[in-house]
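A.B. asks: Sequence:
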Amino acid sequence: MSTSTRGGRFELVLVRPRLSINPGVRPTVVLDGRGQPAQWGTGTWQRPIGDTTIGVFLYNRAWRYGEAEAVLPEGTTRVVYRAPRLPFGRGRLTVEHPGWSD
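The UniProt record's numbering applies: residue 1 is where the sequence shown begins, and numbers increase by one.
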């Protein structure tokens, strides 16, 4: 695959709360409009070319919650999703870029 058709990879960390009243919940990652089931923990994902939107939500067989969405700029290396403790809150996405500094 040539570099003009490749978007690269990024690390996605899905962090589950330590104390949760809903233990059977599963995360779903939405990239480029397509939802894909995921597992808790760290993994690498293929990203589309250019800036794109990443979304994560949780599903517990009854409803979805914990939605979070962010723009994934070109060159992103790591994205961290933190799930809410309660089954009706919003999640939090943090996008890290190698050129950003504190």
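Calculated from the structure, these hints are not laboratory results.
Note that the structure is a prediction, hence the values are computed from the model and not measured.
Glycine included, C-beta positions come from ideal geometry on N, C-alpha and C.
It cannot be assumed that every hint is accurate.
Across the chosen pairs, the derived CB separations fall in these ranges [stated by the list, open to error]:
#1 PRO23 with ILE49: 16 to 24 Å
#2 ILE49 with LEU86: 17 to 25 Å
#3 GLN39 with GLU67: 33 to 41 Å
#4 GLU69 with THR42: 15 to 23 Å
#5 GLU96 with ARG16: 18 to 26 Å
#6 HIS97 with GLY24: 17 to 25 Å
#7 THR28 with VAL95: 29 to 37 Å
#8 GLU74 with GLY41: 34 to 42 Å
#9 GLY75 with PRO23: 15 to 23 Å
#10 PRO17 with PRO37: 16 to 24 Å
#11 PRO23 with ARG90: 17 to 25 Å
#12 GLU74 with ARG18: 15 to 23 Å
A.B. asks: Each hint: holds or not?
C.D. replies: So, going through the hints one by one against the coordinates:
1. Checking the proposed 16 to 24 Å range against PRO23 and ILE49 shows it is violated: the Cβ atoms sit about 38 Å from each other.
2. Range check, ILE49 to LEU86: about 37 Å between beta-carbon atoms, so the 17 to 25 Å window is missed.
3. Taken as a hint, the range 33 to 41 Å is violated for the pair GLN39 and GLU67, whose Cβ atoms sit roughly 18 Å apart.
4. Hint check: GLU69 to THR42, Cβ distance near 20 Å, so the stated range 15 to 23 Å holds.
5. Here the CB-CB span from GLU96 to ARG16 is close to 20 Å, well matched to the stated 18 to 26 Å.
6. Range check, HIS97 to GLY24: Cβ separation about 34 Å, and the 17 to 25 Å hint is violated.
7. Separation of THR28 from VAL95 is about 18 Å and departs from the stated range, judged on CB atoms against 29 to 37 Å.
8. In this structure the supplied range 34 to 42 Å is violated for GLU74 paired with GLY41, their Cβ-Cβ distance being about 25 Å.
9. Judged by the Cβ atoms, the range 15 to 23 Å given for GLY75 and PRO23 is violated: they are separated by roughly 36 Å.
10. Against the hinted window of 16 to 24 Å, the Cβ-Cβ separation of PRO17 and PRO37 comes to about 19 Å, which satisfies the hint.
11. A beta carbon spacing of about 19 Å between PRO23 and ARG90 agrees with the range 17 to 25 Å that was offered as a hint.
12. The hinted range of 15 to 23 Å is not satisfied by GLU74 and ARG18, whose Cβ atoms lie roughly 34 Å apart.
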